[in-house]
Amino acid sequence: MAEKQVILRIKRQQTPKEPSRWEEFALPWRASMNVIICLRDIAENPVTRDGKKTTPISYDSNCLEEICGSCAMLINGKARMACSALVDQLEQPIRIEPMTKFPVVRDLAVDRQFMFESLKRVKAWIPIDGTYDLGEGPRLSPEEQEKAYPLSNCITCGSCLEVCPQVNEHSNFMGAAIFSQVRLFNMHPTGAMHAKERLQASMGNGGIEDCANAQNCVLACPKGIPLTESLAEIQRAAWKQALLGWLIG
Amino acid sequence: MRQPKIIVVGGGLAGLMATIRVAESGVPVELFSIVPVKRSHSVCAQGGINAAKNQKGEGDTTQKHFDDTIYGGDFLANQPLVKRMCEAAPGIIDLLDRMGVTFNRTPEGLLDYRRFGGTLYHRTAFAGATTGQQLLYALDEQVRRHESEGRVTKREGWTFLSAVIDEGGVARGICAMDLRSMEVKTFPADAVIFCTGGIGAIFGRSTNSVVCTGSAQSALFQQGVDYANGEFIQVHPTAIPGEDKLRLMSESARGEGGRVWVPRNPQEKRAAKSIPDAERFYFLEEWYPKYGNLVPRDIATRAIHRIVYQEKLGLNGQAAVYLDVTHIPRETLDRKLEGILEIYEKFLGVDPRNEPMKVFPAMHYTMGGMWVNAEDQATSIPGIYAAGECEYQYHGANRLGANSLVSCIFGGGIAGPAAVKYARGVEKGTDSVSTAAFEREQKRQEAKNAALIAQDGAENPVTIWKELGEVMTEHVTVTRINKNLERAYAKLAELNARYRKINLSDRTRWSNQTLNFARELENMLILARVITIGAFYRNESRGAHYKPDFPDRDDTNWLRTTRARWVNNDVELTYEPVDISQIPPRPRRYDAAK
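Just so you know, the sequences run in chain order A and B.
My numbering applies: residue 1 is where the first sequence begins, and numbers increase by one.
My numbering applies: residue 1 is where the second sequence begins, and numbers increase by one.
These are computed hints drawn from the structure, not numbers from a lab.
Careful: at least some of the hints might be erroneous.
[Stated by the list, open to error] Heads up, simulated DSS-like pairs for lysine-lysine below, C-alpha to C-alpha not over 30 Å straight-line:
#	chain 1	residue 1	chain 2	residue 2
1	B	Lys346	A	Lys223
2	B	Lys466	B	Lys448
3	A	Lys120	A	Lys147
4	B	Lys83	B	Lys56
5	B	Lys83	B	Lys290
6	B	Lys448	A	Lys52
7	B	Lys466	A	Lys11
8	B	Lys346	A	Lys147
Using the sequences and the hints, build the whole thing.
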């Protein structure tokens with residue numbers, strides 16, 4: 001009997017400027033394989049299914065336990081983390097492509113700097129006075145902590161941008177992850193003192209107004225973050241602030 | 001006054017803390033990291049961070065934290081800095097709290113604390129079971145703020161290749177490679193702080209992230225930075241076995257009441273849940289009644305190995321034991337441990353709230369690392385500082401759970417200002433040094449790349465790496481036997497010879513991950529030698545270093561720090577005394593109160 005195999009079709013691109021192409025691989029199947037293990041198999045023996053020598057696949061990965069956010073890619077058309085994509089749960093041939101909303105660096109590796117720049121833009125931090133000893137932070141109820149904690153689980157993987165119709169070549173929409181961070185920092189007693197600045201930065205070009213409520217983001221989030229709640233809340237707060245600004249002149 | 005410049009290499013907890021402290025002092029800092037810093041390995045820390053805040057009215061003190069740390073480390077750590085760290089820990093928690101870390105809370109709105117291994121006190125603050133992630137993000141956010149205000153320049157996607165060292169033996173900057181363009185470039189600085197983390201990849205599979213190769217510290221070692229206590233490798237007792245990674249199952253699972261057991265009958269065929277209590281062997285609780293499931297990691301790891309390999313009681317004859325949290329209310333599990341239980345569920349498809357987890361020990365942490373002085377994290381080369389897991393200072397022969405996060409932040413917090421002070425005080429700034437040292441280093445590294453690309457052998461770097469991992473895991477982790485260590489050393493020499501014949505299978509000049517991996521592999525092979533030879537010569541058992549042929553701690557001969565140097569392309573070991581000025585060594589045992 002022929003050895004059980006895993007068949008993969010991988011979209012490859014040598015450099016950001018070159019056109020992409022597909023390559024197919026056949027790997028020996030083992031129990032509990034995930035997509036990262038497949039990519040490592042290929043690195044050890046970079047030969048395509050039809051026996052042609054090729055190069056190892058470039059891809060981003062680090063923690064391999066779905067908490068660093070590195071290895072997001074399209075697997076059978078779905079944005080997800082490669083480390084937790086178990087082969088036995090995937091239809092074959094497994095189709096692997098880079099995310100489409102970020103510039104390709106090479107093969108499956110993409111550049112998500114846009115997200116980090118957006119975090120800068122919305123001032124996603126608590127502005128502490130300094131790291132010297134200033135005593136304890138503000139008290140928080142367990143309920144407040146339980147509301148904030150899921151939001152702070154965002155791994156900046158970009159899945160929510162990938163599935164958002166508003167993130168496209170005609171818009172600079174920052175994406176659900178960013179506004180969810182605005183919500184997180186505006187919720188914190190110290191962060192709330194600067195809520196206005198963050199809301200202002202959340203409006204305008206690429207801002208919260210561009211959300212068209214497709215709600216794909218919340219379904220795609222690997223961490224189960226209530227992104228649509230965050231979007232709605234920031235939308236409301238931004239409107240309120242804009243309206244107040246208009247009333248006060 | 002001349003404005004100095006500082007470089008930080010590595011953007012995990014220690015690197016970010018060092019960066020913040022340098023930026024606060026008004027000195028510009030350039031931060032290098034292989035991955036975007038928010039993706040650093042610190043995200044993987046789960047259980048918590050220790051500080052003796054005594055918020056449960058148990059009479060905990062920083063002195064007790066200090067004593068637990070020294071005792072847990074089997075008296076190998078130099079004591080003064082450890083004492084300072086334990087005293088600083090409560091302030092570090094306050095700082096993180098002010099930065100907005102979503103620590104779990106008590107009904108009064110205070111931080112909650114849980115128990116961890118090697119202590120009898122509730123001393124561990126936590127944010128669910130993803131404390132490392134939450135801490136890293138808090139520091140990442142502060143660094144982003146400094147970056148947006150112009151004090152920090154990030155160079156993410158660059159890997160460190162070597163230090164630039166001038167004719168006088170003083171560090172003047174670094175040579176690094178852009179992982180996209182593969183450009184090799186030098187960067188001047190008056191002082192460089194290394195926070196390059198763990199070395200898990202040397203053991204093939206571990207709980208560490210992909211970037212934890214130890215490549216940077218190995219490169220520095222080859223340039224003259226001493227490496228201390230390399231033989232002390234922590235094997236975490238509870239990880240989920242996997243082909244690509246051994247995923248950590250945090251000590252917090254036991255801190256919240258999780259119990260480790262195997263069926264008393266090795267032929268047991270029933271499902272875990274239908275085995276009555278009397279037929280379960282809670283071996284940690286039986287063997288260590290005082291600490292039970294919360295003995296330190298080296299003790300728990302050896303106990304699991306004994307159960308599996310000597311008592312032959314592994315689950316279905318396999319290398320695994322149960323870690324059971326099914327008796328804990330679901331609501332508590334979700335509130336305090338959700339992050340780690342999700343990992344188990346996601347990667348194994350089994351809900352650990354219903355069924356006991358199957359776990360086995362895995363390489364987790366290096367207590368050893370770059371040698372630093374006892375005051376301010378300076379290494380043996382002027383101008384080079386180190387903090388975090390990549391240095392050796394705080395954990396002796398075994399690290400206690402939830403002490404790593406505190407040591408990263410404390411060490412980084414010291415290294416930053418120390419580097420600034422040094423940089424301001426150097427007689428001749430780097431900008432007045434001749435460019436020759438920079439050009440020389442750049443040429444050396446470019447030549448190395450060119451040679452690797454041109455090589456046309458038959459060896460694959462991934463294959464060599466896998467074999468390295470196998471031999472290191474088999475012979476240089478839990479149980480060390482001298483004839484096996486000799487065998488391992490011979491294997492390392494063989495791998496080194498085969499490395500000379502590797503073929504990259506990718507000769508392109510854009511984002512060539514194979515080239516970078518090959519460079520890291522060479523450095524891993526050398527650091528593996530430091531670890532193995534250190535283990536070979538240390539004929540005693542202390543903390544994580546266990547030799548059945550020398551089962552006892554030997555303070556007369558071995559209460560000494562191993563200090564490795566690279567001399568004529570070989571590892572040379574010297575030994576220096578340990579500073580035991582605060583707590584006199586006493587026998588370490590966890591089967592009774594200490």
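Review point. Looking back at the hints listed earlier, which ones does the structure fail to meet?
Key: none
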